[in-house]
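Novice: In order, the protein sequence lines correspond to chains A and B. Each step along the first sequence adds one to the number in numbering that gives the first Met the number 0, with nothing skipped, and position 246 is 245. Each step along the second sequence adds one to the number in numbering that gives the first Met the number 0, with nothing skipped, and position 44 is 43.
Hints listed in this document are in silico derivations from the structure and should not be mistaken for laboratory results. Please note: incorrect hints may appear among the correct ones.
What the hints assert, rightly or not - The calculated DSS-like cross-link candidates involving lysine-lysine, where the alpha carbons are at most 27 angstroms apart (straight line), are: (1) A:K47 to B:K159; (2) B:K159 to B:K137; (3) B:K9 to A:K47; (4) B:K137 to B:K119; (5) A:K47 to B:K119; (6) A:K47 to B:K137; (7) A:K232 to B:K9.
Said to hold, decoys possible - A short list of chain B residues far from chain A (calculated; beta carbon distances all over 12 angstroms): (8) S14; (9) L23; (10) L86; (11) D94; (12) K137.
Note that CB positions come from ideal geometry on N, CA and C, so glycine has one too.
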Amino acid sequence: MNGILRMVSLTGEAAFSVGRGSARFLRNFYRYCTLTGKTFSRGYLVYKNPDLTLVQMFGLGIESLGLVTVIAIFLGTETVIQAVYQMSGIIPMRYLGVLVCKTTITELAPVITGMVVAGRVATGIAAEIGSMKTTEQLDAMQVLRLDPIRYLIVPRTIACIVMLPVLVVWAVFVDFMSSIVTVILSVDITMHTYLSGLRLFFAPIDLFVGIFKTMVFGAIIALTGAHYGFEAKAGAEGVGEATTKAVIVSAILILIFDFSIAVLVL
Amino acid sequence: MVLLKIEHLKKHFGSQVVLDDINLEVGKGEILCIIGQSGSGKTVLFRHIIGLIFPDGGLISLENEVISSPTTRHVDFNRFRRRFGILFQGAALFDSMNVGENLAFPLREHTSLTELEIQKIIGESLEMVGLKEIFKTKMPSELSGGMRSRVGLARALVMKPEIMLYDEPTSALDPIMTEKINDLILGLRDRLQMTSIVVTHDIGSAYKIADKIAMIHEGKIIFNGTPGEIRTSRNPYIQQFIRGQRKMHYAVEDEDAYAKPFGAVHEEPKSPDIANKLFDRRFTLPGAGA
Numbered sequence: 000m001n002g003i004l005r006m007v008s009l010t011g012e013a014a015f016s017v018g019r020g021s022a023r024f025l026r027n028f029y030r031y032c033t034l035t036g037k038t039f040s041r042g043y044l045v046y047k048n049p050d051l052t053l054v055q056m057f058g059l060g061i062e063s064l065g066l067v068t069v070i071a072i073f074l075g076t077e078t079v080i081q082a083v084y085q086m087s088g089i090i091p092m093r094y095l096g097v098l099v100c101k102t103t104i105t106e107l108a109p110v111i112t113g114m115v116v117a118g119r120v121a122t123g124i125a126a127e128i129g130s131m132k133t134t135e136q137l138d139a140m141q142v143l144r145l146d147p148i149r150y151l152i153v154p155r156t157i158a159c160i161v162m163l164p165v166l167v168v169w170a171v172f173v174d175f176m177s178s179i180v181t182v183i184l185s186v187d188i189t190m191h192t193y194l195s196g197l198r199l200f201f202a203p204i205d206l207f208v209g210i211f212k213t214m215v216f217g218a219i220i221a222l223t224g225a226h227y228g229f230e231a232k233a234g235a236e237g238v239g240e241a242t243t244k245a246v247i248v249s250a251i252l253i254l255i256f257d258f259s260i261a262v263l264v265l
Numbered sequence: 000m001v002l003l004k005i006e007h008l009k010k011h012f013g014s015q016v017v018l019d020d021i022n023l024e025v026g027k028g029e030i031l032c033i034i035g036q037s038g039s040g041k042t043v044l045f046r047h048i049i050g051l052i053f054p055d056g057g058l059i060s061l062e063n064e065v066i067s068s069p070t071t072r073h074v075d076f077n078r079f080r081r082r083f084g085i086l087f088q089g090a091a092l093f094d095s096m097n098v099g100e101n102l103a104f105p106l107r108e109h110t111s112l113t114e115l116e117i118q119k120i121i122g123e124s125l126e127m128v129g130l131k132e133i134f135k136t137k138m139p140s141e142l143s144g145g146m147r148s149r150v151g152l153a154r155a156l157v158m159k160p161e162i163m164l165y166d167e168p169t170s171a172l173d174p175i176m177t178e179k180i181n182d183l184i185l186g187l188r189d190r191l192q193m194t195s196i197v198v199t200h201d202i203g204s205a206y207k208i209a210d211k212i213a214m215i216h217e218g219k220i221i222f223n224g225t226p227g228e229i230r231t232s233r234n235p236y237i238q239q240f241i242r243g244q245r246k247m248h249y250a251v252e253d254e255d256a257y258a259k260p261f262g263a264v265h266e267e268p269k270s271p272d273i274a275n276k277l278f279d280r281r282f283t284l285p286g287a288g289a
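Construct all of the structure, not just a fragment, from the sequences and the given hints.
Specialist: Here is the structure:
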């Protein structure tokens, strides 16, 4: 009898915790959508304070350049090594460039760069907004009639939307350069053959899809960071939790949107 | 003349009642200090007055115009915000901007003043709080607690508010700086006829600056009067608070006596026996026999 009662009690607790988790998820989803709507509806005001956006473009974009370069160098090298391994004895090596070109432009460069920038930028935004909240700076903005979304979130979102494609184009360039060096040093084909392969099935649409994806990723990174910054609880622990959630959720959202765009466009 | 009036204000978070039927009035040019223990509801009341929270019941009116009620939205409150200046507890200066930019930000966004006029106002505001113009280029992280408070006050003053609200302005300051901030609050009243509402638990500051003191306890106003009246209050809790006494030293025989007139309920009233035992334990010397 006690066992049955215990089972009923545990089932009830589990159902209650699932219900509470769902309610929390829905509340977060609603707030995230509201923040997104408010940010884009105030986007046109960016021309009034261009300096705020330029500062963010420098901070979020240019300062990520070193990190993105290092990642792209290894990405190019690794792509060639993996492609050679997979193609050996099955596909002629003159198609190596095709594989590297397609995977880099449409998938690897946008997604990996997005993830790396999310790790750096989404956490930064969440920490900054979160500490502004805990030190009452957001309240101060509100009482001074300075809309935090307009002055804080819009510049960061636009900076991410503009700068992430720039970083991805740079990453693609570095990626190709490092892949060329890897091919020269370790693969038994000429550079001319490899470059011909790179050009063989290159379609501009791939590049446009890659850039469009990264613009979406840029918005995801900024808005996720901002959302968790606004939701941060007081204290160092609250801000730490917000940054962790920001990077996890932005990575997941990048993968979900990458999949959705691939299904819709390709 | 009554400038700001709070009537039957109520607020609860979940099942917890935080403010329960708050009634207060502040006259023009008056300094009202709201005092109370941590967690008594004074910060929630402060946030209601500045329109960061809206009540579940009751209303707040400014010169007979309702500015906050359960149906008010943030955008509705915006047209009244300019009349309020606020100094937050840690000054809430924008970290990414220097002092000058902190002060100029609201002016640049809300006025059509030229840069020259803005710089003039900033200079005057800094001077009013006793800071020199060279502070304009300092970052908030380079300032001491007292300086940050003064810069926060200067930022609030640039918009020429009618009512200044201070949230624990002296809580993290040394006694000398506390005196300076108190003098500034008094100076603003004398020079600009500014109405002030000061939320504090520093009873010394309240005695010095207040025309009226309101004491909040468990979400209710348990005292509203002059500093002279609060000193002579016979309410044991008020006496305990203003003298800074620990509970056990006071009103041991009937600890709940202070709460009865105000309807507050105490979870575990201690019997005189328990109180005596605690007293004995604390004052028995180690090693002394029973």
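Novice: All the hints need checking, so say for each whether the structure fits it.
Specialist: Hints versus structure:
1. A:K47 to B:K159: Status holds; Cα separation ~24 angstroms.
2. B:K159 to B:K137: holds (23 angstroms)
3. B:K9 to A:K47: violated (40 angstroms)
4. B:K137 to B:K119: holds (18 angstroms)
5. A:K47 to B:K119: holds (23 angstroms)
6. A:K47 to B:K137: holds (26 angstroms)
7. A:K232 to B:K9: Given that 27 angstroms is the threshold and the Cα spacing comes to 25 angstroms, the pair holds.
8. S14: holds (16 angstroms)
9. L23: holds (20 angstroms)
10. L86: violated (10 angstroms)
11. D94: Its Cβ does come within 12 angstroms of chain A, the nearest being 7 angstroms, so this is violated.
12. K137: holds (17 angstroms)
In terms of the numbered hints stated before, the structure departs from hints 3, 10, 11, listed from lowest to highest.
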